[in-house]
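Participant: Following the hints, position chain B against chain A.
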Amino acid sequence: MHAVLGDFVVDCVQNSIEAGAKLIKVDVRQEGERIKISIEDDGCGMSRDEQERALDPFFTNGKKHIHRRVGLGLPFLKQAVDLAGGEFSLVSEKGRGTVLSFGFDLGGMDSPPQGRLAEAFLQALLFGGEHELTIHRRLCRGGREDEYRISRGELREALGDLDRAESLKLAGEFLANQEDSLEA
Amino acid sequence: MAKMTLEDLRKLRETKKSDLERRSLEGKDIEIIIGMGTCGIAAGAKVSLEAFLSAIDAAGLKNVTVKQTGCMGLCYVEPTAEIRVPGMPDTIYGKVDADTAREIVETHLVKKKLVENHIFDRPAADVIRN
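Protein sequence lines correspond, in order, to chains A and B. The working numbering puts the first residue of the first sequence at 1, with every later residue one more than the last. The working numbering puts the first residue of the second sequence at 1001, with every later residue one more than the last.
The hints are simulated quantities; they were obtained by calculation from the structure and are not laboratory data. Being a predicted model, the structure only gives us computed values, none of them experimental. A hint or two may mislead.
To be verified - Okay, derived cross-link-like pairs now, BS3-like style, lysine-lysine, Cα gap no bigger than 25 Å in a straight line: (1) A:Lys78 - A:Lys36; (2) A:Lys25 - B:Lys1067; (3) A:Lys22 - B:Lys1095; (4) B:Lys1095 - A:Lys25; (5) A:Lys169 - B:Lys1011; (6) B:Lys1067 - A:Lys22; (7) A:Lys94 - B:Lys1003; (8) B:Lys1016 - A:Lys169; (9) A:Lys78 - A:Lys94; (10) A:Lys25 - B:Lys1112; (11) A:Lys169 - B:Lys1111; (12) B:Lys1003 - A:Lys36; (13) B:Lys1095 - B:Lys1067; (14) B:Lys1095 - A:Lys169.
Said to hold, decoys possible - Derived, one-sided and incomplete: chain B residues facing chain A with beta-carbon distance under 7 Å: (15) Leu1009; (16) Arg1010; (17) Leu1012; (18) Leu1053; (19) Asp1057; (20) Thr1065; (21) Ile1092.
Beta carbons: idealized from backbone N, C-alpha and C, even for Gly.
This is chain A alone, in the form it adopts within the complex:
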């Protein structure tokens, strides 16, 4: 269902926000063809039973769309990982938060394409609320690691409200610049 890896990231960030997280940490580390992504939050967390049900496409808590009987976000991610032979880990504790990690071989023919991560990060920043979102992006090549870190708070401090069109455009340019400088 999701076209690129960034779509999964956005989906997971939205889950964290809906779980009432105050702090969401997105970590994207790429080494050669391997990419590993983790989304950690301090939201409401899940019991072991809820974690199992979260991977069932025919389960939803019914809060987001009250008439729907399916919840496809995590099940589709797990399916994509299984199809591509990637890694998947869901660690959660009720009342403390959740750490979701997944990884793919970008060269694998069944792996979703990476897409433009700057776009995904911008979309993740578009969600309203008072939560903090930090992004840590790392690219390792030839024994060298380049990285950048940015937080929603820093961008809001520099640009003002991020839902203003002019702020959003500058934030998009900034993120694209950070990605380009990694790849340069």
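Facilitator: Frame of chain A, contents of chain B only:
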């Protein structure tokens, strides 16, 4: 490519801010709400978002907020965008590709006229918050 710092970003914002001060839209907020659920993204909502931001920037509009929402129940005409302009009816546009996004900015936001052939219904009941 030179890596931009937060300080560079602040300076850029100050430059843009003074440019934008030249033009005001009655001091009232215009809202653009883009459907960015899976269906919207599959139909190209990310491209539409970029086109909206560029067109708003090119038109020199201020007081425009851009938000995202999930599926509006109009998957068959994604990408969708709801436009709220003070003094005009709230309007949901469908099939909003990059060209249509630019047209919406030029016609609806600036000239205060509706864009024909892209107006669709209100959101489905299951996505309206109580």
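Participant: Which of the numbered hints above does this structure break?
Facilitator: 3, 4, 7, 10 and 21
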